[in-house]
Amino acid sequence: MSKLVAAAKKEGTLNVIALPPTWANYGTIISTFSKMYGIKVNSANPAGTSQDEVNAVKQENGTAAAPDVLDIGMAVALVNTNLFAPYQVSSWSSVPAAQKAPSGVWVQDYGGYMAVGYSSKFGTITSLSQLLGPKFKNAVALNGNPTAANAALNGVMMANLVEGGTADSIAKGVAFFQKLKAAGNFSPVSATGATIKAGTTPVVFNWDYLNLPSYVGVSNWKVFVPPGAALGGYYAQAINKNASHPAAARLWEEFLYSQAATGGQNLWLEGGARPVEQAAMASNGSINSTAAAKLPSVSGTPVFLTQTQATNAATYLSANWAKAIG
Amino acid sequence: MAVASTTETGAPPVRAGRRLRVPAWIGTVPFLGYIGVFLLLPTGIVLYKAFQSSSGGFTLSGLTALGSSAVRGYFIGSFKLCVISSVIGAVLGAILAYAVASGNPDGAVRRLYLAASGVLAQFGGVTLAFAFLATVGPTSGLLLHLSWFYDFPQGIALIYVYFQIPLMVLVFMPAIDGLKVQWREACESLGGSAWQYWRHVGGPLLAPAFLGATLLLFANALSAFATIEAWENQIAYTVPQQISTALSSEVGLNNANEASVLAVGMVIMVVVVMTGYVLLQRRASRWLH
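Protein sequence lines, in the order shown, are assigned to chains A and B.
Just add 3 to wherever you are in the first sequence, counting from 1, and you've got the numbering used here.
Just add 1 to wherever you are in the second sequence, counting from 1, and you've got the numbering used here.
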């Protein structure tokens, strides 16, 4: 570890990509890492998608500007493993087996549950069917186009589970949004911090850690995970195999999976995301229990999409989403 | 230019009175180089990629994608949006241009309108979309929270018209200025009414310029992306939006080949439209100069 630190300090720089500072506490994570090791972090294209990350790795391959590490959605990670270098962090055993590639070519890092965030001016929302009512005119938005953005796809899938669908077919979720559109309640404006602050999108389907008042920047904001529709999703870390700062990249991973009080796992937790080592940290007592207690409550057995289920959902959406909502 | 540079550097001419022989086309090299790097090269790359299969070989399968109902939907969406916004923009812009042109040619009103048009024709993108959302969206106190504003294409067309009208004023004003007062006087002295003047003289003279400018507005709307993306991005209605989806989808639907094919489709649309524009401009310049 001390050798790794020395080598990383010698490289002096780390290129990261698609990490918005308010997303899962990344602003603090980057500055903590940078201060702790004296390594400069270049954060490129903070608003990019996972696919943009992979495109950057390919297009900037071999240059000093190429991303060294990726924080990437599983659908994109699994089809691009040839771009990544396997690496097992020292806390490897704390990551559940189902949440990492056996070689360490990708390792899930943090995640959350799909939730409905809403302005408290609507009172308390306890079921999705309320959203079809007249007071939600033009109010309900996804976070992007579900044929492009993973969070939006999962938003539709969550509605699908509420409507009695299974993870194998997203059709009932599309039908729900079709009803929402017919009722005039679907807002085509994609939700961002700006639209939420302006009140343009007062109801948003998004991951719970992106639906926190601290993330969206308004205080009168509530989060609701529908009972029986706990749809989880995790992002994964991967190292660019041609990274121009290979030691800094590995040190960054060590930092992100560190269970220390100011390590990545607890910092993600403070950002409202559920770190992948949460269970292990709860049992060994290293978890920030104040932050853990603040997470939105979730009931029922969580559902995680398999790769096949995610692909089926995407294929169905590409053929039916625009038709249903357009 | 070549002459100027020799005198500036103070190099003595080889023989007095003789010019340095530099071909005239040399002056176009920077322009052509720029066009080559930023227009022809990218177009070539897009064409190349559109016919490249995922394994690297030559394929026509991308073109068959152009025939699928989903892809046709994006082109129809783009087409509707461009037609509506360019026709409304052209008609209103032409009326405004005529009103301004019939005033004092050196007056403050004309200067004000031309300057404002120059600025507003470039006012687009996220700022413009947000300005409209704030004005007629759900949180505004104004205009009864228009719900049709969220429907495609009329809602976004309304926003596009905002930059189409000023552009029309800018491109159509020279044509109106080209109408000679003498033509109107000749018409009147022969007993022609205002209607007859516009029906037989002014209208036919301005028609090619008007149609040409409409086509320019059409192309302008076709390529607009940031404005519609800020207005809505949960469904791809237009070709540029679908290109974005095809390039950056993170749910497994990314397909660079599809993006290139769609881009080729747009290139074809622009070539058709701009060819029409050039032909109409040529026709228009026969009289109006």
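Keep in mind that the hints were calculated from the coordinates and are not lab data.
It is possible that some hints are incorrect.
Stated by the list, open to error - Under 8 Å between C-beta atoms, here's a sample of chain A residues computed to sit facing chain B:
1. Asp55
2. Val79
3. Asn83
4. Gly147
5. Ala155
6. Ser193
7. Ala317
8. Ser321
Since the structure is predicted, the reported quantities are computational estimates derived from the model, not experimental observations.
Every residue gets a Cβ at the ideal spot worked out from N, C-alpha and C, and that includes glycine.
Now for the hints, and whether the structure bears them out:
no., hint, verdict
1, Asp55, "holds (5 Å)"
2, Val79, "holds (5 Å)"
3, Asn83, "violated (11 Å)"
4, Gly147, "holds (6 Å)"
5, Ala155, "holds (7 Å)"
6, Ser193, "holds (4 Å)"
7, Ala317, "holds (4 Å)"
8, Ser321, "holds (5 Å)"
Hint 3 from the earlier list is the only one contradicted by this structure; the remaining hints agree with it.
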